[in-house]
Amino acid sequence: MKVPVSWLSEYVDIDISLDDLADRLTMAGNEVVAIERTGWIDDVVVGYVRAVRPHPDADRLTLVTVDHGDGEAEVVCGAPNVAQGQKVAYASIGAVLFDAYSDEPGKTRKLKRSKIRGVVSEGMVCSVRELGIGDEHDGILVLDEGARVGTPIGEVIGESVLDIELTPNRPDCLGIVGVARDVAAITGNQLREPDVSYESTGPDVHELASVEIADPDLCPRYTASVIEGLKIGPSPKWLQERLASVGERPINSIVDITNFVMFELGQPLHAFDYDRVVDHKVVVRRAADGEKLVTLDEKERKLDRDMLLIADPERGIGLAGVMGGANTEISDTTTTVFLESATFHGVNNRRTARALELSSQATLRFEKGLRSGLSEVGLRRATKLILEIVGGKAASGIIDVHPGDGKERQSVEFRRDHIKKILGVEFDSTLVETTLKNLGFNFRRRDYGWQVRIPYWRPDISIPEDLVEELARIIGYDNIPATTLSGRTPKWQSQPALELRRRVTDALVEAGMRETISYSATTTTGEARINLPVDTPRAIKLRNPVSADFAVMRRTLRETILETVARNSRTWRGPIAVFEAGSVFLDYGEGLPEERQMVAGAFAGPRNDLHWDASNDSSDFYDAKGALEAVLGDLGIQAVFEPDEDASFTPGRTAVVKVPAADHLAIGVVGDVARDVFAQFDAEVESVAMFELDLAAVLKVVQDSGKSGKFEEFVRLPASQRDLSLIVDTGTTAGQIVEIASRNRIVTSATVFDVFQGEGVPEGKKAVAVRLVYQSPNKTLTADQVAKIEQQTLKQLLNELGAELRV
Amino acid sequence: MPTTQSSESVEELKIDATSALRSADSRDQLEAWRVEYLGRKGRLTSVLRGLGSLDIEQRKVVGASANRLRAELESLFDERLQQAKSARVPAGSIDVTLPGRKPALGGLHPSTQMIREITQAFNEMGFQTIEGPEIELERYNFDMLNIPADHPARDQFDTIWVDQDSRDDILLRTHTSPMQARVMEKTDPPVRVVVPGKCYRYEATDATHEWQFNQVEGLAVDEGITFADLKGTLYEFARRIFGPSRKVRFRCDYFPFVEPGVDMSIDWNGRWIEIMGAGMVHPKVLENAGYDSDKYTGFAFGMGPERISMLRNDITDIRHFFANDLRFLTQF
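Line order of the protein sequences matches chains Y and A. Here the first sequence stands for residues 29 to 835, numbered as in the working numbering. Here the second sequence stands for residues 5 to 336, numbered as in the working numbering.
Among the hints, erroneous ones may be present.
As the list claims (entries may be wrong) - Only pairs whose alpha carbons sit at most 25 angstroms apart, straight line, appear in this in silico SDA-like list of lysine to any residue:
#: 1; chain 1: Y; residue 1: K435; chain 2: A; residue 2: D154
#: 2; chain 1: A; residue 1: K288; chain 2: Y; residue 2: I491
#: 3; chain 1: Y; residue 1: K686; chain 2: Y; residue 2: I665
If you are wondering where the hints come from, they were derived from the structure by calculation, not from laboratory data.
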């Protein structure tokens, strides 16, 4: 909302600086986002035209002697309207003026001393356009005779406009008077309400027109007046300027007055050509389905029965509170006006405007749900202004149909203790009453506090809390103390899913991975790249996605993590080790979808940063698996990695992660991403290893086992370690060897520490070195005992895997 | 006799000089030795200067021996100097300027870091962290928060709706506030929670607007909770996140689910920057969730961790957050 300060000052004195005013309005809830100033130009002052004589060498130019308070100057002037005795805007050399000849808005140029047709011009007499306050450039701006010579021009023509970002609860501030009320309340200055009284000399209005409200649910009040004997033309300059200052185009005197009152009081009005309303009878009713109306913008609108129509007995003549009909539009020939000021249902008005894509200044106000009291005030104000500005005779009385009476809340019981209850501080009664009065609220003292009458301009006031806010914002939030929250603290409730995600995230970060966060939406074709499992539920479509790239909610994190790898592969030369922990959205058809917490991670590029003593190898499967092992180790989950197939991964280089203690529940997968999958991501790395962990499954495992974090006393007896170097078939897995080697409970660990194929190892075989640690919980083992267990182990390895000792 | 004296003194000089040289270890000591014996005013030079007083034969003999001694001492000196220099690199020395073996360091996303910092500040004030669904029902996202259908306040929340055949009341939550309603519906007072999570708005993306963003919501409800408590709690929060000397401002603002409403801003290089919206929970919101609004009061607040991170870390484009560029992420 643009609030010109000169207009605002009509209703309230502003005796603080504009910056202070802006600050205090902002603190009180009407945020002033900018103060726009126009007409304040340095080196331009009020000048007096002492003499005008012709230019010796140019017919259209004159030489003007200007008294500028600090002496006289002779300027060359091309304006036809310059005349001796005028007060003008005189710019001295060096003034920065708007360039009247530039197409570029706001372009300025500095005034230089120049010779025009042989005569030196000591400055310039300015036009409206050169001063940046209008478009006019046919002549110079002639100021009021009263302007004092030498006064800086800003003090005469300068305007400041407060740009206020209004909140939707304050439609009253969509009228300048509403803002003035806040200014009055903040400063304690008196509000000057616009005069709404007028003399009506015409016949009783009820003899001239009638109104019937057929659908009172959508129109709680309809007031109207009739003004006869009008001659309609353009409105006066001051009125046009007022409208221009809030961005409205002048149309004609009647329409301009209705618009002026809307910007003044916040009540939208509409004027009909009385003689074109059939039977001078207005009916407020729902439109019929398919009923048509040509609106003021000459467009034919197709209506439905949810839209409220202003009609005469034969046809629609306006779309209530949205736009008038072309058939009853005010024109030059109009002599009698039927003036409407009504209250329409906010939600209905908003729906109609949206359905027809007709957002208007009227709807901006009506949709907030105006109080019916405002309509009468607006009607009387506009009628008065028509009589004053256009002339004519007002019918006596007003038409006032108010089926909504009794449905609006009229007052609020404001208990004294409510202030303390909400704010935590008490205000004394004088302060409360002064503040309410300054806001224009009427009240009666009661034993409990005050019964406050809801003012007609404040639809947002309905409960005591609203009044508490009024007090707090005017007295100032700064004047309310700050206290420490005391009282009961709620019982702590475990949040296992959240805690698990945090723990897994931390473990991955400690494992050297970088957390990423992607958009939660994607496309089905994008997701199809990773070969989603066939049993994946269908994607959740968005009705209005921000772009086609985000048409559905994601069902996997694999796509986005690969996308992250691909994007970084083009710009990042070091190791790429990234993961994301977040929700995927699975629609099983009933109500809200499942938001399953998943983690996906990927490794690509070199394993290490470039380093003098580190390998330049690319990261691979075992990096991804290692990160998973770190997480599982941290969680105390004993998991096994079994070869598996998964369409995102390369066959033979994929493992499913299962937890034997939890019925072999699968909790994740790890593998090298299949080449044909990865090829679709346009990445500049050779390969990507990826893992995925289903946190919902992990949570189940952790909760069921219930033993993580338990300390086991360690054995203090000495342990022996022996290494076995085995020759096995290449198809034999480390897992198989370790499983057999660990069978004896005396063997506390079996670790594969070397795998070798090649020279000295027969074709089809590989050498595997395993370190076994032998430790008994209750005695020191002898070399013989260890050797005996080793022999048993070797025998089992031979029998089951054909493993032989390497010699 | 001066002759014998001179010739003896070359011998003496040799003994003195060689023994002194042996005991000189450092370069400073060696330099002092050099000045004493070989310098321009040194002892050997003075012997040579004294040659003039001898007869020609003696001069030859002493001169030759003194010059031999000079050559000898110079060579010994060079040797000792080399030894002293090499003594500075003990055997087994390594190049300590070579980079160490630095373990690969991972890192949390800046949004996660900020969310953790924010939630921790409130955790320590007794607020528990909880989470809620990102796909929400209109009822929780709007209706129960006193934002009925077609309310003009809905303009403040440009909503992305889920396209479903069977129902049209499912949406991507536009704020974390629906958890206010969910928490109160499920638990009795006292309530003190913080709710971090992703939110979504139908919004054109630019340097300061993202359609996906995180929010941290907070809610405290019980008997006797006041606006003064709201101020105290949020002051304490601001002190922790922005430092004890940061200026904080509370001004009136409007959100349909609070009354009175608050905007908390901080002074950032002389400009007030809005950090969060807050307010006393609207009695209708309490009642919608089944709380007795005569008995209970509370406050709620909500803020954007990305916006706070942008301020504190001088990030000028919000689109960095979900672009996952390691050149961005590794700076945090």
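Here is what the structure says about each hint:
As the CA atoms of K435/Y and D154/A are separated by approximately 20 angstroms, the hinted pair is consistent with the 25 angstroms bound. In summary, the hint linking K288/A to I491/Y is supported, as the alpha carbons are separated by about 10 angstroms, within the 25 angstroms threshold. Between K686/Y and I665/Y, the direct Cα distance comes to roughly 10 angstroms. Compliance with the 25 angstroms bound is thereby established for this hinted pair.
Violated hints: none; the structure is consistent with every hint.
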